[in-house]
Amino acid sequence: MSVDVEFDQVVKQFGPVQVLHGVSFKLQAGRTVGLIGENGAGKSTLMKILSGFESISSGSLRINGQPMVFASSRQAEEQGIVLIHQEFSLADDLTIAQNMFLGHEKKRGWLLDEASMQAEAAQAIAQVGLQADVNTRVRHLIVAEKQLVEIARALLRRARLLIMDEPTATLTPGETKRLFALMAQLKADGVTLVYISHKLDEVQQVTDEVVVMRDGQFVTREDTAKLTRQQMASLMVGRELANLYPPKAPHLPSAKPVLKVTGLTVPGWAEDVSFEVHPGEILGFAGLVGAGRTELFEGLLGLRPRSAGQIELQGRVVDLRSPRAAAQQGLTYLSEDRKGKGLHVNLGLRENLTLMTLQRYAHPLLDITAEKAALTTAVDDYGIRTGSLTSLASALSGGNQQKLALAKVLHPNPKVVVLDEPTRGVDVGAKSDIYTLIQRLAREGLAVIVISSELLELIGLCHRVVVMRNGRLQAVLEENQLTEQELITHATGTH
Amino acid sequence: MPQEPTKTLPTAQAAAPWLGRLQGLGPVIGLVLLCVAGTWLNSNFATVDNAMNVLTRTAFIGIIAVGMCFVIVSGGIDLSVGSMAALIAGSIILTMNALAPMGLSPVMVVVIGMALAILLGAAFGLAHGLLITKGHIEPFIVTLGTLGIYRAYLTYFSNGGAITLDNDLSDVYSPVYYASLLGIPIPVLVFLVVALLGGVILNRTAFGRYVQAIGSNEQVARYAAVDVDLVKILTYVLLGVCVGIATLLYVPRLGSATPTTGLLWELEAIAAVIVGGTSFKGGAGSITGTVVGAVLLSVISNILNLTSIISVYLNAAVQGFVIVGVAFTQRGRR
Amino acid sequence: MPQEPTKTLPTAQAAAPWLGRLQGLGPVIGLVLLCVAGTWLNSNFATVDNAMNVLTRTAFIGIIAVGMCFVIVSGGIDLSVGSMAALIAGSIILTMNALAPMGLSPVMVVVIGMALAILLGAAFGLAHGLLITKGHIEPFIVTLGTLGIYRAYLTYFSNGGAITLDNDLSDVYSPVYYASLLGIPIPVLVFLVVALLGGVILNRTAFGRYVQAIGSNEQVARYAAVDVDLVKILTYVLLGVCVGIATLLYVPRLGSATPTTGLLWELEAIAAVIVGGTSFKGGAGSITGTVVGAVLLSVISNILNLTSIISVYLNAAVQGFVIVGVAFTQRGRR
Amino acid sequence: AEKVVLGVAIPAATHGFTGGIVFWANQAKKDLEKAHPDLQVIVKTASGAPEQANQLQDLQTVNKINALVIFPFESASLTKPVAQVKGKGVYVTVVDRGLTDTSAQDAYISGDNTAFGKIPAEYLAKTMGGKGNLVAMRGIATTLDNERMDAFNSVLKAHPDMKLLDAKYANWNRDDAFKVMQDYLTRFKQIDAVWAADDDMAVGVLKAIDQAKRTDIKIVFGGAGAKGMIKTLMDGKDPRIQANVSYSPKFIYDAIKLTAEARLKGEKLPATYIIPSVLITKDNAAQFYFPDSPF
Ligand SMILES: Nc1ncnc2c1ncn2[C@@H]1O[C@H](COP(=O)(O)OP(=O)(O)OP(=O)(O)O)[C@@H](O)[C@H]1O
Ligand SMILES: Nc1ncnc2c1ncn2[C@@H]1O[C@H](COP(=O)(O)OP(=O)(O)OP(=O)(O)O)[C@@H](O)[C@H]1O
Ligand SMILES: [Mg+2]
Ligand SMILES: [Mg+2]
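First to last, the protein sequences are chains V, G, U and X. The first sequence begins at 1 in my numbering and counts up one residue at a time. The second sequence begins at 1001 in my numbering and counts up one residue at a time. The third sequence begins at 2001 in my numbering and counts up one residue at a time. The fourth sequence begins at 3001 in my numbering and counts up one residue at a time.
Derived from the structure by calculation, the hints contain no laboratory data. Among these hints, one or two may not hold up.
[As the list claims (entries may be wrong)] In silico lysine-lysine, DSS-like type, Cα no more than 25 Å apart, as pairs:
1. V:339 - G:1134
2. U:2281 - G:1134
3. U:2281 - V:339
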């Protein structure tokens, strides 16, 4: 009852840009396959073709030996093929339950059977560990919650081939563990699983075999057991990778704090949080989904009401009422919600990159040449892979969008930068480049705050880590205290 | 990590619907305040007769606004409804006049005319839908174009004058507008039925759900295997049918169609929808709000007609202030 | 990741702008076809005089459309521009008439009137911007309200009739509309300047970039440290100023303001923007397109004036067909 | 003789009366072009003052007219544009709405707006014995509408017992008149007569009265002599329709004809020619009945 897939010389072109150059390989029924590759390698595109979201330019697709052409995702679903998108595909104005059943509504006669849909949706979100009312509008969810809704929705489809495109990019270890348990169960039921992730430890943990793609081509397949993480990384990138985490910049404790926050309260989300960060320091924020880290910083930036607290930037007490005020004081913020808050996907790369620093290019007319030069530099510095420098941000792969977003918030040369899940969906090679960049900037005196759900990233990157739980500051761990165990116990309150 | 979930979630959730409901009340509160003002300004305002007058004359715009609500929620717009109503009115009057001498019973002729109104509405709506989805033209442009086209053809058919229904047909037809059932005028009843149906379709059927999904995020709807084009086409057809119904109620009122018939109805219908709390950007909307919005707009002019405290020149200003004021009470909804 | 950059780069770059340009040409192609048709129908169409006439009369709508383009690109809308123009026209005529007997030189009076037009436009725009951003009311509702308010006040000031500029002032003022510089009528020159400035502001300044960013995604713009409220307010002020400029050119033409002055200009201005290829949903737009759109719309009626092949009743239908037809040539732009 | 190219600029057909104007203008074109091979008539309709000004320009520059008959959309607004055309040597006949500067025209042919307001007021005063409650409808806010209303009011001044309860805009539109009348009926329990001021509006008024089954209203006075109303008057079908005031759109036909024939002969027209508005009653109604006109 499981699905067996064969790609044969699959080619995909977007206009003049060819992104898949004749990919051929087989997915065996009942196995869990890890699909890995650099950002822009074509993983998502290939899987969108398999699940009927994109058309195939040439080549063919065989399901259980039968050639298939899917005109829509519905036809793929009829074959039991379901994709969990890398980018959320939820309608903000609809509720969780409405989104989960969109296009597959249950009916009683002419009318919708809301009660049974809500009941089933509630069950499915409970399965993935989301505690929420299914009648909440998706607009009000945080990204991790949206991700869980996506997973729960796919579960409802009773897939025989389930493709997960970066399902854990925004999840914390707890949710991730629960997801793996679910996957094991599905596998036991005979479901074929495709798992795309840049978290190679996870790939190692859950998959039977690994398929590697590079530059729109199939590179190799191998049993997972036969590969080390290091080997996976090298196969993806096509070169030997040095240590993922570069040496940390020297910590300068003597310097005065550049950002000092005292007793900050964001009603409903964070209470009485105090911390400080020094020039050249990389300060991590750990916590579970819903710990209130994102909202704390949104409050700091004036995007949410604050009820108490004092903010000192570079020794001066400031009243930040908007991200604009913050940016003027040298504080910028990278949102975890790339599409909703981070990038203008309908604008070009150049427009995105320079949006926060336009004053620099306006004399008073914008110097487009200088902007273009800046984009070329950024594309190199951050390893942004794009078919064209003039394309829209929406044409970038997920990871490359993330790199662009990162480049954008660092472009103003801030004194303090807050990076919320900075490497979400970024491949190992680029990750290591980004880490190197962050260390370099820290060495140059930038204070970096990293909010991350990847504990290893915090450990490998930060000088100190603040652990939050339920909107309160739980602990501040020094560099020598940074272990996964320590972080988890503080985050869950089981210390 | 089930051990300690998100403490703030319950409050947030509890608060949201309650708040939502309060904000949704904006237009209702506005309407109530207006009615109080009306009663205070003229004691005849709060009579059953006046209420029925207002509701009856709201019926046309109200019925169209219900259809318009679907189009706006789906992220579209239709500027042509007023001209469409005029052309439908003219066409069915001409058809009925032509059929009358052919030996059919007048009742039969009127029934054919009414059916034709709905058919024409559906056909015009279909044309809009096809041009918008298959022709990939902005709804604003399509319906701006047809606005001119429909009205021009009516003017052409009427030679710039009035197209008038034959007298005996008029007598047979007029109860459709003037009669009452259980004390409630037929147009009000029809309005009620259309609004109820509209509410059920928008909130309780898959089609309605798709309309909201498309307005909220077309790409997402497409990904969810919703037949976006079909749903969009259907919203325009539905609006066309509503225009047809409004027109078939309208024709017996004056028994004629002129080049001014339905002038600016599009603006009134759109205004009813938006004043009722539906966002111009689509995604979410309320039929109840739309109905309240439509009634509110006609109550304003009713009150202005019932009083003379303000210079006639300033009527439009009073309407403007009230509209902005009502919107202010429900500000920040999204 | 310098090791293997973007091998497809050259092709993509070469192709994309070319394709974009072709699609952007939709309205231009439409305009060219229309001009060919015009010349074929009446040989006098392709004369300098006629061209100047058409451009001169396009100037009002065109100037307003340039401002409207900003508002629409930012995701807003303004329905009130026609009424605003009428009220500004009325106000400055009244002011000038009142100033004339006070000993000021007529030139001075006219200059004051012109300055007042721009000031009033800016003030009305500011009011819209504040209501929309600080009052959190939908632009559609705010400007629907002010549409009524402005026109009502004009009607009130004019007592339902016309407000007419004193004759001697009129003589001083009239060159502003009727004179030419280097053979080009002043309104055309002003239109040109406004369009050029508009194009530069939209495409080459930080403000213009912010306008596009806000229309594309307001939330993202806010996170990217854009002062969203301020930019939105400024778009409405800019539009108000454009209305002021259009009005100060309009007044010397007809020398009066009446309750029908500027009627439906909002529809024409919005149509010019949308026909010019700007999306009604905001995010991206083109001033060149807007200018072409405005000219295209007046060429249609110019051609209709020059020929009599079609029943006068059907003028609006021809316009409708041409608008939809032009839109069709550039379909599927987004 | 020189070939005459005659431009006709009139408002677009938006209600019965302007519909009639357009009809009669086209009728004139048909009749006159047939009768005079040297004559070309070009009819243009405008839906606003600026559009009409544009048309004047086009007629002059491109169609090269040498005579113009214009029914100005607005008096004040079109004075300058018409003066421009006249300045280029075109012979100008202005119809109905006079320009604010009479030097911009060669001839003026008009209906009588003062009589249009005065005759109904006098008729009502006479038949109602100088007392009673009145309501009135107004058209669209224009100078023309003001003239009529002022004339009506000035007659009422002489009859202190005739009370004008209210006069609201119904935009020369049947639907608006229906609504305004409904609300008048709600508001005023005793109305003796209605001055609907236009036959289109009278249609809406009558329907509203019928619906309310009110019998207190004894007279509904329309205006302009639409064929439907004249027919009703002739047949005596509705006791409330007792009289009308003539203001026939046919004067545009006469104006075109007079101008064309004068120009063909190289003659001039008298500077001013007022087509009197007269009271229409059952007795003389047949004279004003044009079954072929849309109005
Ligand atoms: N709509 C599009 N138009 C043009 N190019 C596109 C489009 N969608 C994707 N691409 C290009 O196709 C390539 C492959 O993208 P894809 O999303 O499949 O990468 P991926 O392997 O999933 O990367 P990531 O790990 O970053 O998610 C990228 O270079 C991307 O820029
Ligand atoms: N708009 C909202 N309405 C209701 N509840 C919300 C809303 N936004 C967030 N929440 C809730 O507030 C809590 C705090 O979320 P927050 O995004 O701050 O967590 P976080 O620590 O940033 O998590 P993450 O690791 O995902 O970044 C969560 O329980 C979330 O469900
Ligand atoms: Mg991807
Ligand atoms: Mg977060």
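For each hint, the structure was consulted:
1. Annotation: proposed proximity of residue 339 (chain V) to residue 1134 (chain G) is violated, straight-line Cα distance about 28 Å (limit 25 Å).
2. Distance check on the hinted pair: residue 2281 (chain U) and residue 1134 (chain G) sit about 19 Å apart at the alpha-carbon level, within 25 Å; holds.
3. With a C-alpha separation of about 18 Å, the suggested pair residue 2281 (chain U) and residue 339 (chain V) falls inside the 25 Å cut-off, and the hint holds.
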